[in-house]
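Protein chains in written order, with our numbering: chain A, 1 to 564; chain B, 1 to 270; chain C, 1 to 319.
The hints are simulated quantities; they were obtained by calculation from the structure and are not laboratory data. Be careful, since some hints might not be right.
Unchecked claim - Chain C is faced by these chain A residues, among others (derived, beta-carbon under 8 Å):
(1) T83
(2) R403
(3) Q460
Stated by the list, open to error - Derived Cβ-Cβ restraints for the label pairs, each shown as a range:
(4) I298/C / R323/A: 52 to 62 Å
(5) G302/A / L308/C: 30 to 40 Å
(6) V20/A / K304/C: 42 to 52 Å
(7) T238/B / M64/C: 53 to 63 Å
(8) T238/B / I397/A: 57 to 67 Å
(9) E48/C / F514/A: 34 to 44 Å
(10) R399/A / A154/C: 20 to 30 Å
(11) M1/A / E291/C: 32 to 42 Å
(12) S28/B / H139/C: 57 to 67 Å
(13) G302/A / L283/C: 46 to 56 Å
(14) A34/B / A234/C: 31 to 41 Å
Where is the CB? At the ideal position from N, CA and C, for every residue including glycine.
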Amino acid sequence: MLRITGGKVYDPANGINGEVRDICIADGKVVANVEGGRTIDANGMIVFPGGVDIHTHVAGAALNFARALTPENQRVAAKFMRTKDTRMGIGGQTPTTFATGYLYAGMGYTTVVEAAVPILSAKHTHEELRDTPIVDKACCLLMGNNELVMDLLEVGEYEKAKHTVAWLISAAKTYGIKAVNPGGVAAWKFGKDAKQIHSPIDGYNKVNPGTIIANLAKIVDELGLPHPMHLHCNNLGVPGNVSTTLETMKLLEGNRAHMAHLQFHAYGGDDWHNMRSESVQLAEYFNAHPNLTCDAGAVLFGNAVTITADGPWQHLLYQLTGRKWGNLDVENETGCGIVPYTYKGSNLVNAVQWAVGLELLLLINDPWRIFLTTDHPNGACFWRYPEIIHLLMHADIRRERVRALPDAALSRIYLADLDREYTLYEIAIITSAGPARALGMKQKGHLGVGADADIAIYNQNPDGELMFRYPRYVIKGGEVAVEEGEIRSVKDGHEFVCQPSYDEKIEDYLKPVFQQQYTMSFENYPVEAERVHGMQIAECSYHKETRTGAPEGDSPRTTPPSGG
Amino acid sequence: MLKLTLKDQPTVPLEAEMLAPDHVAGLSLDAIKALPVFHGKRQLRVDDFFTVEGEPSDELEIHGDLARVKYIGRAMTRGQVKVFGNVGMHLGAYMKGGSIEVTGNASDWIGGEMTGGLIHVHGNAGGQVGAAYRGSLSGMNNGTILIDGTAGLEVGMRMKRGLIVIKGLVRDFCGLQMKGGTILLMNGAEIRTGAWMIRGTIISLKPIKLLPTFSFACTYTPTFLRLYAKHLATLGLTLPINEQDGAYQRYSGDSSVPGKGEILVWQPRV
Amino acid sequence: MGGKVSCTLGEVKNRADFILYWGGNPAECHPRHFTKYTIMQKGKFLPEGRKGRTMVLVDIRETMSVKAADIFLQVRPGKDFEVITALRALVKGNRVDTALVEETGLKLEQLQDLVDRMKRCKFGVIFFGMGLSMTRGKHMNSAAVLTLAAEMNAFTKFVAMPMRGHGNVAGADMVLRWTTGYPFGVNLCRGFPRFNPGEFSTVDLLVRGDIDAAFVLGADPGATMPQPGIDTLARVPTIVLDPKVTHTSRLARVHITTSVTGISSPGTAYRMDEVPLPLRPVLKSPYPSDEEVVRRIIAAVDKKTAWLPRPETMSSGVA
Numbered sequence: 001m002l003r004i005t006g007g008k009v010y011d012p013a014n015g016i017n018g019e020v021r022d023i024c025i026a027d028g029k030v031v032a033n034v035e036g037g038r039t040i041d042a043n044g045m046i047v048f049p050g051g052v053d054i055h056t057h058v059a060g061a062a063l064n065f066a067r068a069l070t071p072e073n074q075r076v077a078a079k080f081m082r083t084k085d086t087r088m089g090i091g092g093q094t095p096t097t098f099a100t101g102y103l104y105a106g107m108g109y110t111t112v113v114e115a116a117v118p119i120l121s122a123k124h125t126h127e128e129l130r131d132t133p134i135v136d137k138a139c140c141l142l143m144g145n146n147e148l149v150m151d152l153l154e155v156g157e158y159e160k161a162k163h164t165v166a167w168l169i170s171a172a173k174t175y176g177i178k179a180v181n182p183g184g185v186a187a188w189k190f191g192k193d194a195k196q197i198h199s200p201i202d203g204y205n206k207v208n209p210g211t212i213i214a215n216l217a218k219i220v221d222e223l224g225l226p227h228p229m230h231l232h233c234n235n236l237g238v239p240g241n242v243s244t245t246l247e248t249m250k251l252l253e254g255n256r257a258h259m260a261h262l263q264f265h266a267y268g269g270d271d272w273h274n275m276r277s278e279s280v281q282l283a284e285y286f287n288a289h290p291n292l293t294c295d296a297g298a299v300l301f302g303n304a305v306t307i308t309a310d311g312p313w314q315h316l317l318y319q320l321t322g323r324k325w326g327n328l329d330v331e332n333e334t335g336c337g338i339v340p341y342t343y344k345g346s347n348l349v350n351a352v353q354w355a356v357g358l359e360l361l362l363l364i365n366d367p368w369r370i371f372l373t374t375d376h377p378n379g380a381c382f383w384r385y386p387e388i389i390h391l392l393m394h395a396d397i398r399r400e401r402v403r404a405l406p407d408a409a410l411s412r413i414y415l416a417d418l419d420r421e422y423t424l425y426e427i428a429i430i431t432s433a434g435p436a437r438a439l440g441m442k443q444k445g446h447l448g449v450g451a452d453a454d455i456a457i458y459n460q461n462p463d464g465e466l467m468f469r470y471p472r473y474v475i476k477g478g479e480v481a482v483e484e485g486e487i488r489s490v491k492d493g494h495e496f497v498c499q500p501s502y503d504e505k506i507e508d509y510l511k512p513v514f515q516q517q518y519t520m521s522f523e524n525y526p527v528e529a530e531r532v533h534g535m536q537i538a539e540c541s542y543h544k545e546t547r548t549g550a551p552e553g554d555s556p557r558t559t560p561p562s563g564g
Numbered sequence: 001m002l003k004l005t006l007k008d009q010p011t012v013p014l015e016a017e018m019l020a021p022d023h024v025a026g027l028s029l030d031a032i033k034a035l036p037v038f039h040g041k042r043q044l045r046v047d048d049f050f051t052v053e054g055e056p057s058d059e060l061e062i063h064g065d066l067a068r069v070k071y072i073g074r075a076m077t078r079g080q081v082k083v084f085g086n087v088g089m090h091l092g093a094y095m096k097g098g099s100i101e102v103t104g105n106a107s108d109w110i111g112g113e114m115t116g117g118l119i120h121v122h123g124n125a126g127g128q129v130g131a132a133y134r135g136s137l138s139g140m141n142n143g144t145i146l147i148d149g150t151a152g153l154e155v156g157m158r159m160k161r162g163l164i165v166i167k168g169l170v171r172d173f174c175g176l177q178m179k180g181g182t183i184l185l186m187n188g189a190e191i192r193t194g195a196w197m198i199r200g201t202i203i204s205l206k207p208i209k210l211l212p213t214f215s216f217a218c219t220y221t222p223t224f225l226r227l228y229a230k231h232l233a234t235l236g237l238t239l240p241i242n243e244q245d246g247a248y249q250r251y252s253g254d255s256s257v258p259g260k261g262e263i264l265v266w267q268p269r270v
Numbered sequence: 001m002g003g004k005v006s007c008t009l010g011e012v013k014n015r016a017d018f019i020l021y022w023g024g025n026p027a028e029c030h031p032r033h034f035t036k037y038t039i040m041q042k043g044k045f046l047p048e049g050r051k052g053r054t055m056v057l058v059d060i061r062e063t064m065s066v067k068a069a070d071i072f073l074q075v076r077p078g079k080d081f082e083v084i085t086a087l088r089a090l091v092k093g094n095r096v097d098t099a100l101v102e103e104t105g106l107k108l109e110q111l112q113d114l115v116d117r118m119k120r121c122k123f124g125v126i127f128f129g130m131g132l133s134m135t136r137g138k139h140m141n142s143a144a145v146l147t148l149a150a151e152m153n154a155f156t157k158f159v160a161m162p163m164r165g166h167g168n169v170a171g172a173d174m175v176l177r178w179t180t181g182y183p184f185g186v187n188l189c190r191g192f193p194r195f196n197p198g199e200f201s202t203v204d205l206l207v208r209g210d211i212d213a214a215f216v217l218g219a220d221p222g223a224t225m226p227q228p229g230i231d232t233l234a235r236v237p238t239i240v241l242d243p244k245v246t247h248t249s250r251l252a253r254v255h256i257t258t259s260v261t262g263i264s265s266p267g268t269a270y271r272m273d274e275v276p277l278p279l280r281p282v283l284k285s286p287y288p289s290d291e292e293v294v295r296r297i298i299a300a301v302d303k304k305t306a307w308l309p310r311p312e313t314m315s316s317g318v319a
């Protein structure tokens, strides 16, 4: 039992905006009242629901590939010494699993979503998530280039495709699906890409990226998955890609979708020399379409490692940088590419990318629909989020940074003209309440009675970076996990999975096709339930008429629905 | 002058990065004796392994067979280290300035990723002299390494600037993926010299085996060699530059990269 | 720089119309490889199977695998790096020295023909074996072939993959990566992981005698190490976990007999393409599994006073 008293509470899901009130905790949940137990005096502190990272890459075959490929990063990264309670590890761009748990919790984040899991190596991803302590986890299955599904769509078998998707999600034990460069990665298997939304994909007559996008969005909604289709659009990172992004968004009208790392998809111009920000155009469309959510995928200057299922893009980046390149194509499903990258303020392209991430966060006016991410470790490492929060809260500091960019960059970005400054209430939305709602995790991202007791308590400080980098306390599942910068409890978190229903006869169709196209026996393909540590099955209860986007709790309420 | 003498051979490697002028110069003898060294996983004190005598100073003498002692002079920026005996891996790694002299043999990775200073080994050296650590984009970025004896594999791997001189025979992959700087081979090398080099100069005073991706360009004595010869004379080394004695055959490569590196092979006049 | 450009074996089965084996003898060393994954299979995009694929074998001698090959290129021992480096130049249209090429045992025309075929294929794969990765040049030979495959992608689709064997070596590699950040050759003495092959890799530690105890699991270094390494194993306390009597167990102080993973105890093995496969036991064994023994050792060690690294360890930033 635990009582947090005297702190200013920011609980946007319940409309609480900086009121001083008590939060009571028993059995890992927020409750109305407790008698006895420890009391944390949070005077002079702010109380947030624990952070929720909707899009990150912290586990799985691709990240593990990146670790092996970049010993030079690990050598200079923060080291985690073994202690009585914690295990050794390495931070940096591609932290080891144990370090990942400590780093997230140490920043006040308590739930993370690994965004890209191939079915073929899902067993591996779950093993890594099992070794990621403290935080709760979920993951998205890579589906945008699955040939079993694409082949069904080619012959117009929508229902079969839907059952296949449901079967695959259940087999892989994931929470949702993600489509990465739909069709493009499949085309990459023969060295091609899919750049046009409406042109057939190499090897297909009918299926084009648009077919995949529209059908998957519909399938996800019909299966009632709590989280919409997670989408990494075609033409990531390429100048002029805003037209592809807008075209894609138009296809999604009538369905939900989560646009991943939107920053990488908001560029104008037609080559690297005249690339410019198109954040205004994109935000305008986005603001008018409440069926969509997105995460920023912001970029910060410094070293990064780009890791994505987008194989063709990574080959281009390898040719542009001349640095190392890792690629792993996964049979019939997806691919993965890795290229170490350094974002430089003096580089015009990087300067535009840096600005676009912040611009989208400032121009998309509903904080319930855009969330703080860096597409870790692609744009920057997740442990640098506090730097972005600081920039969002201070227009003058942003302008100062803009002045340090090359002159040529200034005419290509909008950042210096934007006056908006995030409030703490809005920061709580983009780091916790919003992503939890977009994920359909009702027990996360808020501090009302019945919520999971995942709480971050910060010393109030005008320097947002300092404040959010070093929480005073982090409570996970009701236990004090971090206290004054030290890890105190390393209890393992849960992993959330969805098990959408499907027609069991789909296995009769899948099995022979699988035996023909794969190199593993069909029985070995699904992930065994015992491999998923602390598995909790989430309901697939989304119905299309449910509103998405800005909920009624948009503006602070005067009377909160639940006391404390 | 500070003098350390190894008392007993460590049973497993001893990591002693504190044995560098920057760490010891400002300390009392007692404080120096208490500096940490790492024997396997155990943290011990300098005086568990060494007798410490003399005056605290940025001039450091270390006596004994230190073949198992790693990281001496790591990241040093000034002063002088003299090792009377053999020395272990990573000698002068990340070194920025000052000088290190070794009377015996040295092990692998000496001067790894160094950016300045001088290392002189009178005996033989191991592999990866002045090299990049695994995965790093570049190796030594300045400074000088002189080896009087032989050296091992991957000498000067990915080096960017600076000078490596080796009087004895060098093993395979000398100047691997070299990006700049100069390697002088007084007695030739085994195979794959200059493999995948992008830029930089390898000078060999003995004929060497070349990869098929190097092609003969011309025979001449480049002007910059005269400057180099003057510089090398200050280190006590003689580079032949007189036309009556011979000339250099220039090979350019590595065309697999493709690279703008050069290998100059001395051709004495007969 | 190069990197590693690879795929899972199903991609080879479904798409590879050009398969090159370098320094390996799959016909004898990986007997099911041809039929299950590569040349003999009918693939999604290769309905004709063997007829639709070209197979090239590069080795220093004629092995059983030659019979399966369309083209056999016999390279002189120790010249693989030279050949691959020349190929990298030819792929880019750069010049190479004809006489020096011929010292490798192959003619320039043969290399040019190989490059032309590589560029013409739709999906090429290079499998390389220990004949390449464990001979003179070692990791640089592997790097050369991986880089060649990476660079071929400027022309067509190309991947490369090592032919790994020896039990679950890929699995050990994977677990080490997520727990320590490095694939092998990891040192934990300072309380955090450090990596330096050549310094911390098993063979080097053993040959230099840099250890004072050894714990051997799922390997038989007593059979494969150079003699000084075997001498070190005999000198220090060596503990072996193995279902059988091995060269190493004979010279060990302690040999704990364990059940065979995959036959009598469950687990996960990683294929050479890093795809995890569940192992389901079919027999019962009276012996404990490796995992159970290791857990009991950890429990016993936990009863002792904990050794914890001290914060000063970090002070100098040695990594």
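Does the hinted range 57 to 67 Å hold for S28/B and H139/C at CB?
46 Å, violated
Taking 30 to 40 Å as the stated bounds, is the beta-carbon spacing between G302/A and L308/C within them?
Since the Cβ atoms of G302/A and L308/C sit about 32 Å apart, the hinted range of 30 to 40 Å holds.
Given R403/A as an interface hint, is the shortest Cβ-Cβ distance to chain C below 8 Å?
34 Å, violated
That 52 to 62 Å hint for I298/C and R323/A (C-beta), does it hold up?
40 Å, violated
For M1/A and E291/C, compare the CB-CB distance with the range 32 to 42 Å and indicate the outcome.
38 Å, holds
Does the hinted range 46 to 56 Å hold for G302/A and L283/C at CB?
54 Å, holds
Can we keep the T83/A interface hint, with Cβ of chain C closer than 8 Å?
This interface hint holds because 6 Å falls under the 8 Å limit.
Indicate whether the distance between the beta carbons of A34/B and A234/C respects the range 31 to 41 Å.
38 Å, holds
Starting from the range 57 to 67 Å, see whether the pair T238/B and I397/A falls in it by beta-carbon distance.
60 Å, holds
May I ask you to test the hint 42 to 52 Å on the CB atoms belonging to V20/A and K304/C?
Holds, since V20/A and K304/C (Cβ atoms, about 49 Å apart) stay within the stated range.
The hint says 53 to 63 Å between T238/B and M64/C; measuring C-beta to C-beta, is that right?
At 57 Å between Cβs, range holds.
Honestly, do E48/C and F514/A meet the 34 to 44 Å range at C-beta?
Given a distance of about 22 Å, which is not inside 34 to 44 Å, the answer is violated.
Violated hints for the displayed structure, listed by number in ascending order: 2, 3, 4, 9, 10 and 12.
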